[in-house]
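Chemist: Here are the chains, one letter per residue:
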Amino acid sequence: MSDPIPDSTAAIALAPKTRQVTAFRRFLSKPLAVGAAVILAIVVLVAVFAPIIAPFDPGASSLKDAFGPASAANPLGFDSAGRDVLSRLIWGAQNTMTGAGIALIVALVLGIPTGLIAGYYGRWFDSISSWIVNLVMSLPAMVVLLASRAILGPTIWVLMIVMGVLVAPSFFRLVRGIVGNVRNELYVDAARVSGLRDWRIIGRHVFIVVRAPIIIQVALVAGVAIGLQAGLEFLGITSGDTPTWGAMLNEAFQNIQRAPMLLLWPGLALGLTSASLVLLASGLSDVLGERGAPAARRRTRRNAAPAIVVPSTSVPAPAERGALLSIRDLAVSYELADGGVREVVHGINLDIAPGEILGLVGESGSGKSQTAFSILGILPEGGSVSRGSVTIQGTEVIGLAEKKHRELRGTVVAYVPQEPMSNLDPSFTIGDQLAEPLRVRLGLSKQAAKARVLELLQMVEIADPARTCAAYPHEISGGMAQRVLIAGAMSCDPDLLVADEPTTALDVTVQAEVLSLLRRLRSDRGIGVLIVTHNLGVVADLCDRVAVMQQGRIVEQGSTEQILVAPEHPYTRQLLGAALDGVDARPEWQPRTTEVSA
Amino acid sequence: MTREHSLLEVTDVRVAFGSKGFRKAPNEVLHGVSLDVREGETMGLVGESGSGKTTIGRAILGLAPVSGGEITFQGRRIDNLSARRRRSLSRDIQVVFQDPYTSLNPAISIGDTLSEPLLAQGYTSRDARRRVGELLDRVSLPADSLERLPREFSGGQRQRVAIARALAISPRLIVCDEAVSALDLTTQRTVLELLLEIQEQTGVSYLFISHDLAVVRYMSHRISVIYRGDIVETGTAREVTDNPQNPYTRKLLLSAPIAQPAEQALRRAAYEREFASAAK
Chain A
1 MSDPIPDSTA
11 AIALAPKTRQ
21 VTAFRRFLSK
31 PLAVGAAVIL
41 AIVVLVAVFA
51 PIIAPFDPGA
61 SSLKDAFGPA
71 SAANPLGFDS
81 AGRDVLSRLI
91 WGAQNTMTGA
101 GIALIVALVL
111 GIPTGLIAGY
121 YGRWFDSISS
131 WIVNLVMSLP
141 AMVVLLASRA
151 ILGPTIWVLM
161 IVMGVLVAPS
171 FFRLVRGIVG
181 NVRNELYVDA
191 ARVSGLRDWR
201 IIGRHVFIVV
211 RAPIIIQVAL
221 VAGVAIGLQA
231 GLEFLGITSG
241 DTPTWGAMLN
251 EAFQNIQRAP
261 MLLLWPGLAL
271 GLTSASLVLL
281 ASGLSDVLGE
291 RGAPAARRRT
301 RRNAAPAIVV
311 PSTSVPAPAE
321 RGALLSIRDL
331 AVSYELADGG
341 VREVVHGINL
351 DIAPGEILGL
361 VGESGSGKSQ
371 TAFSILGILP
381 EGGSVSRGSV
391 TIQGTEVIGL
401 AEKKHRELRG
411 TVVAYVPQEP
421 MSNLDPSFTI
431 GDQLAEPLRV
441 RLGLSKQAAK
451 ARVLELLQMV
461 EIADPARTCA
471 AYPHEISGGM
481 AQRVLIAGAM
491 SCDPDLLVAD
501 EPTTALDVTV
511 QAEVLSLLRR
521 LRSDRGIGVL
531 IVTHNLGVVA
541 DLCDRVAVMQ
551 QGRIVEQGST
561 EQILVAPEHP
571 YTRQLLGAAL
581 DGVDARPEWQ
591 PRTTEVSA
Chain B
1 MTREHSLLEV
11 TDVRVAFGSK
21 GFRKAPNEVL
31 HGVSLDVREG
41 ETMGLVGESG
51 SGKTTIGRAI
61 LGLAPVSGGE
71 ITFQGRRIDN
81 LSARRRRSLS
91 RDIQVVFQDP
101 YTSLNPAISI
111 GDTLSEPLLA
121 QGYTSRDARR
131 RVGELLDRVS
141 LPADSLERLP
151 REFSGGQRQR
161 VAIARALAIS
171 PRLIVCDEAV
181 SALDLTTQRT
191 VLELLLEIQE
201 QTGVSYLFIS
211 HDLAVVRYMS
221 HRISVIYRGD
231 IVETGTAREV
241 TDNPQNPYTR
251 KLLLSAPIAQ
261 PAEQALRRAA
271 YEREFASAAK
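These protein sequence lines map, in sequence, to chains A and B. Just so you know, we're using full-length UniProt numbering here: the first sequence kicks off at 1 and counts up by one. Just so you know, we're using full-length UniProt numbering here: the second sequence kicks off at 1 and counts up by one.
For the record, the hints were derived by calculation from the structure and aren't laboratory data. Beta carbons are placed, not taken as given, at the ideal position from N, Cα and C, and that holds for glycine. Hints may contain errors.
[Stated by the list, open to error] Now the stretches of chain B that chain A is said to cover, found in silico as 3 or more residues with beta-carbon under 8 Å:
| id | segment |
| --- | --- |
| 1 | 65-76 |
| 2 | 241-253 |
[As the list claims (entries may be wrong)] Cβ-Cβ distance ranges computed for the label pairs, FRET-style:
| id | chain 1 | residue 1 | chain 2 | residue 2 | range |
| --- | --- | --- | --- | --- | --- |
| 3 | A | L32 | B | A143 | 25 to 33 Å |
| 4 | B | G75 | A | R123 | 49 to 57 Å |
| 5 | B | R126 | A | T504 | 42 to 50 Å |
| 6 | A | R25 | B | S170 | 37 to 45 Å |
| 7 | A | G394 | B | N246 | 31 to 39 Å |
| 8 | B | A143 | A | G526 | 53 to 61 Å |
| 9 | B | R126 | A | V583 | 50 to 58 Å |
Chain B extracted, bound-state conformation (with noise of 0.2 Å):
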């Protein structure tokens, strides 16, 4: 079922990783998961922790082995690629993750850093130098900062490296692993904004992936929500965030508690109608 402007697929997709002991079944953590991102859309994937979220994400990025079920990008299968097909994938296919403070080699300069993909896809380095500083640009960072070391930067900083380097090699989609939940409010917002700003300009598309649904319904066209290794719920982000169908979704709207205190009081109160009554 290849949709039009479908860029990325998931069909069906089951992962499990092997348990440890001997002849123990293999833990599955996701049941069978379908999706599908369109060229520059964002696909929002909220769910909480060990909902699997990251687990498809990873998937994608061919990091986690694909038991069942299909990933086509572009209408070409990538799951269980060979190493040398999924390289070239990576002109492709890129990634942000959570945690600014360990996705940068520390004994590593940014410069480096952001260099590496570029040669890897064969730049020369006259033109991975340029390209690293058109780059340290367009996220705003001082042109001055290649020759520091990660630990020179604060959070917000650092992911601003790390969309750099997901954007390095131009990748027609990004997958975000919770991309601005390690940083503070003020910074999350400065982070967002840009990656909106770098959508419009270049038309790359985001999986945003995120347990948290006021940043995905600020970011995402569509959302799905992922309990327990499947997807309880699919649509846009208006109506999954402001007419949720699942009890599940329900749930995880009216829990997130909003800053305002009158309004709050009354979420909390259908909350407890809801599901206190429920849990015990």
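With the rest of the complex left out, here is chain A (with noise of 0.2 Å):
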């Protein structure tokens, strides 16, 4: 079979690598962060080429410069025992970077691997981990310190060693986190499936989501542990002898009287040094935030903007506006991130009269979904109805204000969503969420409010209401999710319902159900119905009407036996060729007469 893939060509069309391209540029584009960076960077290089760069031994005392003053050989001058500072704060940035160098070690060694195994295996190493864990988290880190100092010896690098052990928790529930979420995706089961062995996949398949995470702990922990460090050292906790900017914090403060600037250069190299770990990690996050992420569920779609102008519509507006909704020439919108804007809806028409159930049919990215959200103005971030007009019972919607548009919906105009559990508030019993908007819309008492709860759920087929309206979300099945949204909807008595798929997350069965009962809500009451939907079989079952939409255009109308019977336009035929409806079962398995190699 020929095998048209649509899209194929717009995914070409891209440059490879788009992603680490865009993910560097993004980082640029923060100049916080990109400082912070360069900071560090600056303070790391330092920290390496100390041995050369210092001009003096950072422990070469001698007394008569004690406290001297700056001078061209030595443009920060001399501490109290009459050592050159700046040669001392440059050894002190490689002692305390790799002292907090030590912790982070120490940490990563500890938390990631057995993060990784407790989380993709679980069971008992989870339980005795995690254990450990939340026993080290519960531990005073200051008071281990000291202890560990009573014990070990006053040497920094010991304590590091220590306070390493004390920071690898945090890495580890990181870890653990992420990979028992990962363990469950689709695609961590196919490799399994696929023969690899188990550390592969945690090598490549785990390991790849938890990476970007790590680097921002990284540089958040890195922070820490100087700060932490810092504090040891000012305390008098170690023996001091190392030259680093705790040490030298601690030496100028015990002369703060007489030499106060002292405590100026070490300080605003540790301040500076933490600030910038804290941006470069707030930087990162923002950059590699969602590339960690599990796979996302979005389809992006890389329509460019249509370059050549279309008649707006294929099918001529009709000059008289249907009574109960009326939409003409509407264009819907979205700013893209680059500062452009790409519409998604080019100006389409519809009418639906009072009572009667118009299907909105097309594929995923044709628009059904952004023009139903136009009606109730309830478009996502970043859309907006950008031409067009579109009135319900005669009242304009388009830039009515946001007051008067919420009065509208819900007493003339209400919606069903496609995800009814979703939208159903888990912590809140079906009752209290029905009757929240007949209390504040039409102002009924609790007693009022209750007992019209009770007859709206009565009125979608509920077969126990009182028991249905004392329960919570999770203890009704998901058919009877889309009733109880469904007796919301209706609640303050609308004249417009619009919904968005509302059977495509049901079974078949059910789906049967809540198509009889939208059928008997329009004979009973006489409402109309907007359905957007995608099966072809629900709208033959429901609709009067059909308005079939391709890539943002509707180019197809009229009532269900026409399009659906005998369509004119290429894609309606396209889409009902492609229904299974008709054709005819499988025959019957033969046994294959000749070998065929795969």
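Got two chains here, separate frames each, mind docking them using the hints?
Modeler: Next comes the structure, spelled out in structure tokens:
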């Protein structure tokens, strides 16, 4: 069979490795983060090349120069022991960084592998390691460090190893949490079915996801480590033999009356470095954040904005406007990240008479949901109606003040969403959620609202309204949840129901019941319905009229009979041709006569 | 009861998942399910959400624990295998999952995703690269897809990648778990055609799991209907969809609306006559 891949060309037109490039560019567009990275780079360079850069030995003291002033050879002057402050500062960078590095390495080595194993395999290893981690996290870090000093001696490096152990849990928890989620992703299952060994799956599929969060965490923990280390030195807990910024602070503090300026330099170095680490971490998390997230269920369509001007619709707009809903030349646009504008609905016309059910049909990305959202005035962030008119019972809703629009929603037009479960708040009972709009909107008393809720649940054919009323959303089925949402939509007796794929998430047997319900609501109460769907069977079952949408345009519109039995537009024919309703069942299996090699 | 040409046999399989509470009874989702797939055959498995249809597929793939009964592949037991034996079985049994958005690792390029199973089976990297080229061609994806990440592809294209991954080591059986359910109608049709074409050429068997009876009927030689962890009806596609014996199968069949208004009105009337009164 010939194989049309509609948007393959769009994908191929992209430059390879778009992602890495944009991640780097996005980083460059953050001045604070770039500044922080530059400062850190300088600090690291200074630390690495300290032996070359430092003009003097940091330990060489000459008592005659104690508290000596700055000079050309000693630009920052001398400390209380007559040592060159600049040289101590430079060596301090090396020692401070090494200390933080030791703590980090210990934390990474302990935290990441255990986190990976605990997250991936769970079971006893997870229980035991989580228990140990909780124990370590409940220990007060300073007290443990003080105790370690008493037992292990005042060497700063040993204390930094202890600190590494103390911060390891933050890596363990981070990694374990992410891996626990990734383990349930289908691509990990697929890799297992492909015959990959566990360590390969962990190394490739799992580690790649935790990489970015680890980098961010490293920057944060480095800041903490430097701070704690300086704190220890400042308190004089270490021997103070090694020139570090904390030791310099301690020494300066003892002489604060005599030479207050001595506090400035190590303080500045510490402040700048810590602040840079925090800023870098937040910059990195902005840039890398979404990369590490599990697969986004988002469909990115790369339709460029149409360069050619097309007639706004292929179906001419009827002169008379629909009494219940009327849309003329509606266009919806989205602002793009680069400042451009992309139009997703290119000027459509629709009408619904009172009591009429109109189906809006199309594939994903055709703009059918965008049309529904514009009627309700609930377009997502960045989207707006760029031209055209939408009237509901003669009232223009485009450009209507939000307050007026809100009055219209619920009382005149109501909405039934696609995912029933995610539209119910899990922490309130069904009864509470249905009663609230009644009390706010219609000003009913608590009693009256409750009675009305029971009535509504009865109307949507829920067998035991009182029980459902008291139930929480997780206690009811998906089909029941959709009935509850329809009840909610009907609560203020609207004239128009906008239903966005109301049965897509439901089983077919439940779908049949919900469709019957919608049909009965129309015949009993005379409401008009705009139903957005991709399912032509639903259209045939329920709708009086159909509009077929493709790439933001309505290509064909007419009675259900007309469109489904005698379609005129090639796209409608293609859609109907792809449906499998009339196709013959596959014939019986026959053993193959010839062996075929795969 | 080994039948002629039989490839996979699932006999009285039970699957139960332990529940989290202390001393709670495990939750059994399959209560003794039997089915078989012959060489080059498509066995359709249709059921609604919560029926256990996905669990059967996962039990066959070794992703769900089998607590009773047995699964044999080419006469050998494959339930509860050791990790090592299971890995060698991956040469014969593969999978295409429902969601093309989560079944491919977003951070790994298409080329690496496809060569992964080949390298795991001991291909050299040069042979793997050649085979990946063939596979892309086989599923009609452009050759320069190799360097790209999944997010640069549409749903239908991603599903083609997933099919290519399943085909990589020329398996005998592919479990298709709702393989086209997330796709648009026209894309769905082209992917189904691709699966049929591959079966025609390679003689691979499919266990085709779906909630959509129309799709299953089109794809399958035989169909089993599963309801709440039990198979309620099995037969040729024609028997099951034209003359269903089990009331649940009838309900499933009649409740799926079709795109012909006049005929759908009749079906709806039949459905309401038969089931709506019972529901109340």
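Chemist: Has the hinted range 49 to 57 Å been met by the Cβ atoms of G75(B) and R123(A)?
Modeler: Check failed, 33 Å falls outside 49 to 57 Å.
Chemist: In terms of beta carbon proximity below 8 Å, does the segment 241-253 of chain B have 3 or more residues touching chain A?
Modeler: holds (count 4)
Chemist: Three residues minimum, CB to CB under 8 Å: does the segment 65-76 of chain B make the cut for coverage by chain A? Let me know.
Modeler: violated (count 0)
Chemist: At the C-beta level, are L32(A) and A143(B) separated by a distance inside 25 to 33 Å?
Modeler: With a Cβ separation near 43 Å, L32(A) and A143(B) fall outside 25 to 33 Å, so the hint is violated.
Chemist: Is 31 to 39 Å a correct range for the gap between the Cβ atoms of G394(A) and N246(B)?
Modeler: violated (53 Å)
Chemist: Mind checking the hinted window 53 to 61 Å against the Cβ distance between A143(B) and G526(A)?
Modeler: With a Cβ separation near 59 Å, A143(B) and G526(A) satisfy 53 to 61 Å, so the hint holds.
Chemist: When you take the CB atoms of R25(A) and S170(B), is the distance between them in 37 to 45 Å?
Modeler: holds (43 Å)
Chemist: So the hint says 42 to 50 Å: do the beta-carbon atoms of R126(B) and T504(A) match that?
Modeler: Since the Cβ atoms of R126(B) and T504(A) sit about 46 Å apart, the hinted range of 42 to 50 Å holds.
Chemist: Is it true that R126(B) and V583(A) lie within 50 to 58 Å of each other by Cβ?
Modeler: The hinted range 50 to 58 Å is violated for R126(B) and V583(A), with Cβ atoms some 43 Å apart.
Hints 1, 3, 4, 7, 9 from the earlier list are contradicted by this structure; the remaining hints agree with it.
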